[in-house]
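Asker: Residue numbers (the working numbering), protein chains in the order written: chain A, 1 to 145; chain B, 1 to 430.
Quick caveat, the hints were computed from the structure, so don't treat them as lab data. Possibly wrong hints are sitting among the right ones.
Okay, the calculated bits of chain A under chain B, using three or more residues with CB under 8 Å as the criterion [stated by the list, open to error]:
| no. | region |
| --- | --- |
| 1 | 32-38 |
| 2 | 61-70 |
Per label pair, the in silico range of CB-to-CB distance [said to hold, decoys possible]:
| no. | chain 1 | residue 1 | chain 2 | residue 2 | range |
| --- | --- | --- | --- | --- | --- |
| 3 | B | Ala321 | A | Asp78 | 29 to 39 Å |
| 4 | A | Leu91 | B | Asp376 | 50 to 60 Å |
| 5 | A | Thr133 | B | Arg272 | 38 to 48 Å |
| 6 | A | Leu55 | B | Ile216 | 48 to 58 Å |
| 7 | A | Thr133 | B | Glu265 | 52 to 62 Å |
| 8 | A | Leu91 | B | Ile216 | 40 to 50 Å |
| 9 | B | Ser367 | A | Thr133 | 35 to 45 Å |
| 10 | A | His137 | B | Ser213 | 50 to 60 Å |
A few chain A residues that face chain B, going by a derived Cβ cut-off under 7 Å, partial list only [said to hold, decoys possible]:
| no. | residue |
| --- | --- |
| 11 | Glu28 |
| 12 | Ala102 |
| 13 | Leu103 |
The structure displayed is predicted, hence computed values, not measured ones. We treat Cβ as the ideally placed atom computed from N, Cα and C, and that holds for glycine.
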Amino acid sequence: MFDNVLTYQRYSENTIQMATKVLAIDDESGFTRLLKLNLEKNGEYEVRVENDSSLAQTAAREFKPDVILLDLVMPGLDGGDVSALFQGDPLLKDIPIIMLTALVSQGETSEDAVAIAGGRPVLPKPVKMETLTACIHEVLDAAAE
Amino acid sequence: MGHANGIKTQKISRGKKKKPSPSSRPRKKASLSYLQSVIDNLPVALFAKDVTDDFRFILWNKKQESITTLPREKALGKRDHEIFSAESADYFREVDEAVVKRGKIAEIPEEIIDTEEGGEVYLRTVKVPIQDSETGHSLLIGISEDITDRVKAREQLERLNQNLSEKNRELESTQLQLIQAEKLESIGRLAAGVAHEVKNPLALLLMGVEYISSGIDPDDPNLEVILSEMNEAIERADQIVRGLVDFSSDRQLTREETDLQPLIEHVLLMTRHELTRGSVKVSAKFQKDLPKPLLDSRKFEQVLINLILNAIHAMAESDNASELSIKVTSKTLDKVELNEGARTARRFRKGDTVIYIDVKDTGTGISKKNLEKIFDPFFTTKATGHGTGLGLSVVRKIVELHDGEISIRNRLITEGAHARITLVAPRRDG
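The shape of chain A in the complex, shown without the other chains (with noise of 0.2 Å):
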């Protein structure tokens, strides 16, 4: 199908690695921009973001995204009416996503600390790269088994 073609980058001469495709949800534009440009600076990574929940389903439907980070506060739609709008798009059920919130939880008791909610992964913000590539690479292949 000409909607499924994957996303390919140059990653070295010799090899030809495919980005994966994360798609950000977070009304905190700055956030976003500076996520987008970490995770893309390698070339691991190809991000969309999108700043408005209420455009999340559509974003994720045109962008297919490997793995989603869903901000839990936002106006108007937040974390867990997306999720659950997601949960019930049959395009887009199937795809892992980590929550992201700077609230605080009972699971952050350390930093590297990854809290389950709903069977989601939660990570708190602030959060270091490290982490966050660990739990994309986690969900990514528990999804893949």
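Keeping the supplied structure of chain A fixed, place chain B upon it in accordance with the hints.
Answerer: Chain B only, in chain A's frame:
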């Protein structure tokens, strides 16, 4: 004994005086009896002491009997020390000697005697030193009025007054505790919100640090964007923390009589940039000879800045032409109006001169649901990063600490919101 109840006759019978001649006895007896009757029917207690005879009682009328619950038979010829407690007797003797020495009428506004049957009795006593021309004896007349009821009533009143003062103090202390408790509760509720509002900029800062840490290329065009974002994030976190500190800070105010016009003009100057950017037409009207309310100008400016910024925000979201009107008027209350919106008891009394600061905008107004919550800490209709929701709760706190009230309603005829601050002019009656 056949003599009358008069003390003098008693004293005479003690043989200290020369006996009256037999011819004069019946008339004297009659007049003494008459005098005794008068003395006994006086509505005040009357006694006399023979100073020359160690202040022994020589007169003790009926009222004195009833007040002291001591019959005259047990008093006449006795000294204070034989009748009253040593403490009382010492005191009476001291006063008596002083009165005699001064030779003038003396009033003892309040003295206490212990009585056998009536317990403590309070007396107001006038003591008169006289010289008996007949005997040459120096006498001390005492006229006492039983003021026990009056003293007890006064004491009760004092107790009630003290109770009332105590209750008042307790109430004030409870109110302060309530304010403090409410503040603590708010801060508790604020904590999660503040953490969220601060952690978002922190998340951005960390992203920036991580980007830079992985190596800086001076030609990287992203660097400028990242540093500018990081700078904004620091300012945002700082503002939020400041807002919280202000909300939780000590509420002591330094208030002084303040001219509202320059204060409002200063506020308009400070918000000029935002007003200009929002293409807001501003009108400010001041009634002549406005009274000067007691204000902490810095805090009160914050109230108006908050209201104005809110108005600008509401007008930016509306299609209406942006017009901000500020009007300051004053009037003397001829009745106390009911204000359904006020949570507290009315602050204003009939006869108070109140000052109204009306701030009206042409913005989107406030939905009925949100109207109930606009003063709640951290309630906001704005997107993350565009307001902590602390503004109006701080506004209300500050207004209340100025003994004022604030209400926010939608305008009735045109679209927009109408905030009214009511302050009271200093009361001149103290």
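Asker: If a hint holds in the structure, say so; if it does not, say that too.
Answerer: Against the structure, the hints:
1. 32-38: That given contact holds, which follows from 5 residues of the region 32-38 of chain A lying within Cβ reach (below 8 Å) of chain B.
2. 61-70: With 0 residues closer than 8 Å to chain B, the region 61-70 of chain A misses the three-residue bar; violated.
3. B:Ala321 - A:Asp78: 29 to 39 Å: holds, 34 Å
4. A:Leu91 - B:Asp376: 50 to 60 Å: For Asp376 (chain B) against Leu91 (chain A), whose Cβ atoms are near 40 Å apart, the range 50 to 60 Å is violated.
5. A:Thr133 - B:Arg272: 38 to 48 Å: With a Cβ separation near 47 Å, Thr133 (chain A) and Arg272 (chain B) satisfy 38 to 48 Å, so the hint holds.
6. A:Leu55 - B:Ile216: 48 to 58 Å: At 34 Å between Cβs, range violated.
7. A:Thr133 - B:Glu265: 52 to 62 Å: holds, 55 Å
8. A:Leu91 - B:Ile216: 40 to 50 Å: holds, 41 Å
9. B:Ser367 - A:Thr133: 35 to 45 Å: At 43 Å between Cβs, range holds.
10. A:His137 - B:Ser213: 50 to 60 Å: For Ser213 (chain B) against His137 (chain A), whose Cβ atoms are near 20 Å apart, the range 50 to 60 Å is violated.
11. Glu28: With a closest approach of 5 Å, the Glu28 (chain A) hint holds.
12. Ala102: holds, 4 Å
13. Leu103: holds, 5 Å
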